[in-house]
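With chain A held as given, fit chain B onto it using these hints.
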Amino acid sequence: MMRRLLLLMLLPVAAAQAAEPSLITDLSQERIDINTTFKGADLLVFGAVQYPSGVVPDKAPDIAIVLRGPPQPITVRRKERVAGVWLNTDAVRFESVPGFYAVATTRPIAELADDRTTAIYEIGISNLQLSPASSASEKVTRAFEAGLIMARRRSGLFAEAPGGVQVTGNVLYRARIAIPSAVPVGDYGAEIHLVRDGRVIASTSVPIRIEKSGFERWIYVMAQEHSLIYGMVAVLAALMAGWIARLATRRA
Amino acid sequence: MDIYLPIAEMSVNALVIILLGGGVGFMSGMFGVGGGFLTTPLLIFYGIPPAVAVASSATQITGSSVSGALAYWRRGQVDVKMGVVLTLGGVLGAGLGQVIFRKLQAIGQIDIAINLIYVVFLGITGGLMLKEALPALLAKRRGIPQVRSRRHVPWIAALPWRMRFYRSGLYISALAPLALGGAVGVLTAIMGIGGGFIMVPAMLYLLGMTASAVVGTSLFQIIFVTGAATMLHATSSKSVDIVLALLLLVGGVAGAQAGVRAAQKLKPETLRLALALIVLAVAVRLFFGLTITPVDLFSLYGPA
Chain A
39 MMRRLLLLML LPVAAAQAAE PSLITDLSQE RIDINTTFKG ADLLVFGAVQ YPSGVVPDKA
99 PDIAIVLRGP PQPITVRRKE RVAGVWLNTD AVRFESVPGF YAVATTRPIA ELADDRTTAI
159 YEIGISNLQL SPASSASEKV TRAFEAGLIM ARRRSGLFAE APGGVQVTGN VLYRARIAIP
219 SAVPVGDYGA EIHLVRDGRV IASTSVPIRI EKSGFERWIY VMAQEHSLIY GMVAVLAALM
279 AGWIARLATR RA
Chain B
624 MDIYLPIAEM SVNALVIILL GGGVGFMSGM FGVGGGFLTT PLLIFYGIPP AVAVASSATQ
684 ITGSSVSGAL AYWRRGQVDV KMGVVLTLGG VLGAGLGQVI FRKLQAIGQI DIAINLIYVV
744 FLGITGGLML KEALPALLAK RRGIPQVRSR RHVPWIAALP WRMRFYRSGL YISALAPLAL
804 GGAVGVLTAI MGIGGGFIMV PAMLYLLGMT ASAVVGTSLF QIIFVTGAAT MLHATSSKSV
864 DIVLALLLLV GGVAGAQAGV RAAQKLKPET LRLALALIVL AVAVRLFFGL TITPVDLFSL
924 YGPA
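Heads up: the protein sequence lines correspond to chains A and B, in order.
According to my numbering, the residues represented by the first sequence are 39 to 290, in order.
According to my numbering, the residues represented by the second sequence are 624 to 927, in order.
So here's chain A without its partners, still in its complex pose (with noise of 0.2 Å):
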C-alpha cells in the first residue's frame, strides 16, 4: 500500500524528467496537385508543442521546418568566354539535390543552434548535403555548389525564411511556405524540428506528395510511356488545327 502510493507520487517527476516536449503537426493538405491552372500553391504547416505534464514554459519555443522535394543527380555547367562566345566548360555533378528545399524558422538560423547541430539536421540551404561527385579541388567545387544554390534560390525552389514561424502561445506554431509552379513532382516531406538551448529536443515528419493530376497528369503520362502514340495525336492534332484554319479563311 504504501509503496503504491510512492510510486504513484513519484510517477509524474519521473516522466517530467524523462519525457521531453513532443510535437503535433498537420498540413493544410496532404497532397497537392497540379493542373491546368496550377501557379504554384502555399502550403501551410501548423501544428502545437506538447509539453509534458501540460506545463507551458515562459519562453517561446524555437523551431525550424524543412520541407524537402525528392533528391535528383543535377549536372551544374560553367560558362566561359570562348573565342569571344559564352560556352558551357567545367561540370560537376550533384549526385543528390533535392528538387525543392523551403526551411522556415523562427529566428535567423545562426542564432538558433550551432554550426554541427544545424548540418546535422540540414537545417539552412547552405547545410544541404548535395553530394559532388568530381575529381575537382574543394574550392571548385564550391563556387559549382554556390552557382547551384544562386539558380536554385532565383527560380524559388530554394527558400530560406528566418523568422517564417510564428509561435502563438508558447504552444501554436505555423509557417506558410511558398511552393512555385516549376516545382518537381513527387514525394515530399515536412521534417518539424523543436530546439531548445541550441539542440535539437524533438522532431517529427508528415509526408505530402505533389503530383500531375487530370488533363495534365493524363497528357504527361501519355507521352511518356506511350510516346509513340502521343507523336501522332500531336501531329494530327496539329494537321487538324491548320485544316480548320483552311476551312474557316475560304467561308470568309
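Note that these hints are calculated values from the structure, not bench results.
Just to be clear, a hint being listed does not mean it is correct.
Unchecked claim - Derived pair list, reagent style DSS-like, types lysine-lysine, alpha-carbon separation capped at 30 Å: (1) K754/B to K861/B; (2) K861/B to K726/B; (3) K861/B to K77/A; (4) K177/A to K117/A; (5) K861/B to K117/A; (6) K117/A to K250/A; (7) K726/B to K117/A; (8) K726/B to K888/B; (9) K250/A to K890/B.
Claimed, not checked - Derived, one-sided and incomplete: chain A residues facing chain B with beta-carbon distance under 7 Å: (10) R115; (11) S169; (12) G269; (13) A276.
As the list claims (entries may be wrong) - Covered by chain B, per the in silico footprint, the following chain A stretches (three or more residues, Cβ under 8 Å): (14) 70-82; (15) 120-133; (16) 177-189; (17) 254-265.
Ideal Cβ positions, reconstructed from N, Cα and C, are used throughout, including at glycine.
Just chain B now, with coordinates in the frame of chain A:
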C-alpha cells in the same frame, strides 16, 4: 490567364503564348515563311526549356503549313514529285538531326548549339536576302525593269539519277533535292524550324525551280518533315508539349490571316527587305546573347 504546361512543367501566361503565335503568324502570312525561326528563340527568351521549345515549335509548324499548302494545292502550285523527293531527304535529315540533338543534350551544349546555329543561319540568310532585296528595291525606284534570269547551278543539275519534274520545269539529278531536303531536315530537328527561309531560296537559285511552284512545294514538304521531327522528338526526347503547340497554333492561325491581308497592301520588294531586316535583327539579338557576359555563369541540368 495562366496555364500549366504539362511537358515544359511550368506555368505560362496563355495570352502571351497566343500573342506570340499571333505575331509570328502575322509575319508568316505576310512573308510566306513558316516563322519557326522566330518561334523557337522567342519561346526560349520566355523561359521555355530549349528542348521543349524546339520540339513544340516543329509541331506548330506542321499545323500552320497545312492551310498554306492546301491553298497552293488548289491552285495547282505543288510539285508532288519534287515534294516527295525533298520529304524523303528531309525525314532522313531529321533522323540525323535528332541524333545530333540528343548528343548535344548529353554533353550539355544544346542551348548554346541552338543559339550558335541560329546566329550562323539567320546571319547568312538575312545577309543574302538583304543583298537581293536592296538592289531590287533601288532598281524599282529608278524604273529599271528587273530581268530575272535562271541561275541554277549546272554541276548540280548534272549529277547522276536525273529525273523529270514537270511542274517545276526541271530535268535534274534527284540527288540534289534529296540532299537539300536532308540538310534542311537536320535543321528542322535541331532548331525547330520548317526551314522555308532556306528551302525557298535554295529551290529558286540552286535547283532553278519555276517560281510559281516553289512556295507550295516547300510548304508541302514542310508538313511531312516537321511531322516526322515531332514524332522523333516525342519518342526520344519526349519534349513535345501539345498544349504549347496548340496555343501557338490558335494565335498563329489568326495572325496569318491578318498578315496575308497586310501583305496585299505592300510591294513585294518592300516585304522582302523587311523580312531580311527581321531575320538579321533576330540573328544580332541572339549573337549578343552569346557574347555578353551572362547574368548567371552556372546553369543546371537535371536528369535527362
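Each hint tested on the structure:
1. K754/B to K861/B: Violated, because 40 Å separates the two Cα atoms, which is more than 30 Å.
2. K861/B to K726/B: 15 Å, holds
3. K861/B to K77/A: 23 Å, holds
4. K177/A to K117/A: Satisfied, since the Cα-Cα distance of roughly 17 Å is no more than 30 Å.
5. K861/B to K117/A: Holds. K861/B to K117/A sits at ~26 Å (cutoff 30 Å).
6. K117/A to K250/A: 33 Å, violated
7. K726/B to K117/A: 19 Å, holds
8. K726/B to K888/B: Given that 30 Å is the threshold and the Cα spacing comes to 46 Å, the pair is violated.
9. K250/A to K890/B: 51 Å, violated
10. R115: Since the shortest Cβ distance to chain B is 5 Å, the answer is holds.
11. S169: 14 Å, violated
12. G269: 3 Å, holds
13. A276: 3 Å, holds
14. 70-82: That given contact holds, which follows from 7 residues of the stretch 70-82 of chain A lying within Cβ reach (below 8 Å) of chain B.
15. 120-133: holds (count 6)
16. 177-189: The restraint on the stretch 177-189 of chain A holds, since 5 of its residues have a Cβ under 8 Å from chain B and three suffice.
17. 254-265: Three-residue rule met by the stretch 254-265 of chain A, so holds; n is 7.
Comparing the model with each numbered hint stated earlier shows that hints 1, 6, 8, 9 and 11 do not hold.
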